[in-house]
Amino acid sequence: MKRKFRIFRYQPDKDKKPYYKEYEIEIEDGWTVLDALNHIHWYVDGTLAYRRACRSEICGSCAMRINGKNRLACKTQIKTLGSGTIKIEPLPGLPIIKDMVVDMDPFFRNLEKVKPYFIKYSPLPEEEQLQTPEERDLINEAAMCILCGACTTSCPSFWANPDYLGPAALLKAYRFIFDSRDEGGKERLEIINDRNGLWRCHAIFNCTEACPKNINITHYIKKLQNLAVNNQF
Amino acid sequence: MIASKSLIKRNRGALAWFFQRITAIYLFVFLIGHFVMMHFAGSGEVTYETVAPRLSSPLWKAGDLLFLIFALYHGINGLWQVLEDYVRNRGLRLFLFAVLLTLAVILFTVGVVTIFSVKS
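Protein chains in written order, with this note's numbering: chain A, 10 to 242; chain B, 2 to 121.
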């Protein structure tokens, strides 16, 4: 079966303006968008640039905008995309390095701000720290994040203001603040309780719709907002 | 985990977010009350004879005053949030914030005069 792909092309040091290039290729049943990109890259046009690694939804490298929605190319079956031309673009809101390869530095800088690692002030335990199933349930979903950036780059608040921490960083903050083993909750809440932190979220839900791991990110941001308000009194 | 609660901290948006919701609840209840009053409970006529007695009662005045304050807070704060999202220039921000505050003061004054000028 032949399918048409309309792919965003831009090389800032060579092209004056971004443009779209169309490729028509023969696809096989069961191909994902990543399979098609690989086919184009390997057999049709070797200049096409995009990130990929695990091709099994766990590394988070191949997040891109497919038919106007942020998704993982390796998770998106071509047959779920209807019969029309498939439009592929880089994640919005980040500087473009080449084609689908965007500069993720602003994204990871925001992540670093919330201290995305365990903080322990009491003496380190001799053995592993156990959690009850209830304690684990609190953070189970949030800990599934693969840091692909689909959520943050789908957020209109982030588009308007790159200083906004964004849903991925806030979700990471939630994951540690609500972890029974972590002791850095207070300092993290100090950091995210900021006009460019928690309060820039206006519950647009784009992040939740974009998340390839189906994490209800908005819900966790709201839980953080509740915690911050309760902490005011 | 955060267990203990601390005293009131520097306002960084948490209280603005909280009061936006509190005022929203009041506005919603007030709106329902307004609909009931205007379309179901009373005669439906808007004349001086029907409105003046209501407006002259202290309870009504208090409710209206609260509505005035809450509606202004809700609207001005909402606009301010939008400006914070999209206006990056500090000077322009400051100017627009001043415009908003002036607008709020004028509207509040007009509202207060309206509410308290009705005598029983």
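Treat the hints as calculated values from the structure; they're not laboratory data. Nothing here was measured: the structure is a model prediction, and the numbers come from that model. Just so it is clear, CB atoms sit at the ideal spot from N, CA and C, and this is done for glycine as well. Some hints here could point you the wrong way.
As the list claims (entries may be wrong) - So the derived list for chain B, only partly shown, Cβ under 7 Å to chain A, looks like this:
| no. | residue |
| --- | --- |
| 1 | GLY14 |
| 2 | ALA15 |
| 3 | TRP18 |
| 4 | TYR27 |
| 5 | ARG55 |
| 6 | ASP86 |
| 7 | TYR87 |
Status of each hint after checking the structure:
With a least beta-carbon distance of about 3 Å to chain A, the hint placing GLY14(B) at the interface is held under the 7 Å criterion. The criterion of a C-beta within 7 Å of any C-beta in chain A is met by ALA15(B), whose closest approach is roughly 5 Å, and the hint holds. Taking 7 Å as the C-beta cut-off, the interface hint given for TRP18(B) holds, the closest approach to chain A being about 5 Å. With a least beta-carbon distance of about 17 Å to chain A, the hint placing TYR27(B) at the interface is violated under the 7 Å criterion.
Checking ARG55(B) against chain A by beta carbon gives a least distance of about 36 Å; that is not within 7 Å, so the hint is violated. Residue-level restraint check for ASP86(B) holds (minimum Cβ-Cβ distance to chain A is 5 Å; threshold 7 Å). Residue-level restraint check for TYR87(B) holds (minimum Cβ-Cβ distance to chain A is 5 Å; threshold 7 Å).
Hints 4 and 5 from the list above are not met by this structure, while the remaining hints are.
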